[in-house]
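Asks: Sequence:
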Amino acid sequence: MRLRGRKGIRESLEAQPELVVLDAAPIKGRWREFFGNDHPIYVELGMGKGRFISDMSVRNPDINFIGVDMYDELIRRASEKARNAWAEKGVEEPPNLALLRANIEGIEAMFAPGEIDRIHLNFSDPWPKSKHARRRLTHPRFVEKYIEILNETGQIHFKTDSQSLFEFSLNSFADMELHMRNISLHLHKDSLRDDLVLTEYEAKFVERGNNIYRVEVVIGERAIAAHREAKQEAQKRDQESATSAEVNDPSSAPAATSEG
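Taken in order, the sequence shown gives residues 932 to 1191; the numbers are from the working numbering.
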């Protein structure tokens, strides 16, 4: 992607140290100090123009968010979007959001092991040619890095409009023996999921009727335990429901027999 930035864009970013981070190295392992609290930290890798990360931060004030992209112009646009989103709430400075200019290739230099609670991958470049497979953000070489920085509650939430990338990603997660849940092959098939925040691309794709694919990958030990417990509870409810239906259904009762 080539973006034509405005004149003086770097100076503009440097003037926003409370929101824009141009070098993560000094903050690695200290992101909670940056935010001034111990709330969970969610990271979006490849945030684009910042609609998703801005809206997420407004909807979830008790979670810290970090949007990562490598282009100054996208960071600038995201900063404007973030400030506008919070201005509607009467807040001048986004209190739980940071915009990080960095290359995802070096993610291990941005975050310490176990520092992150969730990673969002939204409409990443599919890199359709086989020779470029290692560049896909769901390739095992990237996923291994994600696993390192995610903590005991860690998860990866992945959305794409690319069927081939989704299939590649599911195979990638499966080959690494990772737990997957809430797999959707058509996320907005029945109706728009207003419980989920849309990205710029997603809004356009949904309007066109395109399929949106989504999966949640459960990484951390506590997250896996909670996932298993939820499955067991769901199975228990299903069994109780089936038993109740049999008891209340007269047609399921054994036929009466006549005596002599």
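Simulated from the structure, these hints should not be mistaken for lab results.
Any given hint could turn out to be false.
What the hints assert, rightly or not - Below 25 Å or equal to it, Euclidean Cα-Cα: the simulated DSS-like pairs (lysine-lysine) are:
1. Lys-1020 / Lys-980
2. Lys-959 / Lys-938
3. Lys-980 / Lys-1135
4. Lys-1060 / Lys-1076
5. Lys-1120 / Lys-1135
6. Lys-959 / Lys-1076
7. Lys-1120 / Lys-1167
Said to hold, decoys possible - Here are the computed distance ranges between Cβ atoms for each label pair:
8. Arg-1112 / His-1063: 27 to 33 Å
9. Lys-1167 / Glu-949: 44 to 50 Å
10. Glu-1177 / His-1070: 18 to 24 Å
Using N, Cα and C, we set each Cβ at its ideal position, and we do this for glycine too.
Asks: Now look at each hint and say whether the structure bears it out.
Replies: Hints and how they fare:
Proposed proximity of Lys-1020 and Lys-980 is supported: the alpha carbons are some 20 Å apart, at most 25 Å. A distance of roughly 30 Å separates the Cα atoms of Lys-959 and Lys-938; the hinted pair therefore is violated under the 25 Å criterion. Note on Lys-980 and Lys-1135: the hinted pairing holds, with a Cα-Cα distance of about 14 Å set against a maximum of 25 Å. With a C-alpha separation of about 23 Å, the suggested pair Lys-1060 and Lys-1076 falls inside the 25 Å cut-off, and the hint holds.
Taking the CA atoms of Lys-1120 and Lys-1135, the gap is about 15 Å. The hint holds against a cut of 25 Å. Of the supplied pair hints, the one linking Lys-959 and Lys-1076 holds, its CA atoms being roughly 14 Å apart against a limit of 25 Å. Pair hint Lys-1120 plus Lys-1167 does not hold up; C-alpha atoms about 28 Å apart against a cutoff of 25 Å. Here the CB-CB span from Arg-1112 to His-1063 is close to 29 Å, well matched to the stated 27 to 33 Å.
A hinted range of 44 to 50 Å holds for the C-beta pair Lys-1167 and Glu-949, which are about 48 Å apart. Between Glu-1177 and His-1070 the C-beta distance comes to about 48 Å, which lies outside the given range of 18 to 24 Å.
The structure does not agree with the numbered hints 2, 7 and 10 stated previously, though it agrees with the rest.
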